[in-house]
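If you read the protein sequences in the order shown, they are chains A and B.
With my numbering applied, the first sequence corresponds to residues 1 to 116, in that order.
With my numbering applied, the second sequence corresponds to residues 1 to 112, in that order.
Calculated directly from the structure, the hints in this document are not laboratory data.
Hints may contain errors.
Said to hold, decoys possible - Derived EDC-like pairs (lysine to aspartate or glutamate); straight-line CA-CA distance at most 20 Å:
(1) B:99 with A:59
(2) A:41 with B:84
(3) B:68 with B:84
Claimed, not checked - Far from chain A by the CB rule (all over 12 Å, computed), these chain B residues:
(4) 15
(5) 28
(6) 38
(7) 60
(8) 68
(9) 100
(10) 107
A virtual CB, placed ideally from N, CA and C, is assigned to each residue, including glycine.
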Amino acid sequence: GAVVSQHPSWVICKSGTSVKIECRSLDFQATTMFWYRQFPKQSLMLMATSNEGSKATYEQGVEKDKFLINHASLTLSTLTVTSAHPEDSSFYICSASYGWVTDTQYFGPGTRLTVL
Amino acid sequence: GESVGLHLPTLSVQEGDNSIINCAYSNSASDYFIWYKQESGKGPQFIIDIRSNMDKRQGQRVTVLLNKTVKHLSLQIAATQPGDSAVYFCAENTGANSKLTFGKGITLSVRP
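Could you build the full structure based on these sequences and the hints that come with them?
Rendered as structure tokens:
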């Protein structure tokens, strides 16, 4: 149980284009979803927290117009990296919890974004 | 600022031995702690958690110990196997703003 999927698993795009990453909870309804970013050999850094039907809460330093988050249903959240640049290349990971935000977060497999 | 940190960046153990991975946290308000395992190119995998009203919790081959006095968390893996090789992260949740703060991660390498 508590399976989270991400799509795509990897994506390569040209600088200036936008990329959408999907995060789905497959066997539970996720009241809260989280988006993280991870650089090589570093820890996970929380980008934003989203609840179904409401606006995402972004961490300090994360540009909300750059990283658009939509949590349209209890099983789907999307992260769109707009006008991507090489410095946006990273491993993006989502997680979901099915209780209050304090409950255990279950992570997706991650999406490797490479911007040329 | 508040942070969660790990003492050692790498740990090498012999297959079959027990492993102990340590983590120090600085936020005394943290009431929930989780250990995650991350294999290369994959997302973190939940291993075990513990709440602040406990000092020990056991799972299958894993045990988490919490010492609130010195703000220390440890993960013990019994009879370490090659499949245990990965990066391990501790994470804390204060319960107030409900976000997970991850430690830096420690690489566990199991020698055959």
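Please name the hints from earlier in the document that this structure breaks, with their numbers sorted from lowest to highest.
-> Of the numbered hints given earlier, those the structure breaks are 3, 6, 9 and 10, listed in rising order.
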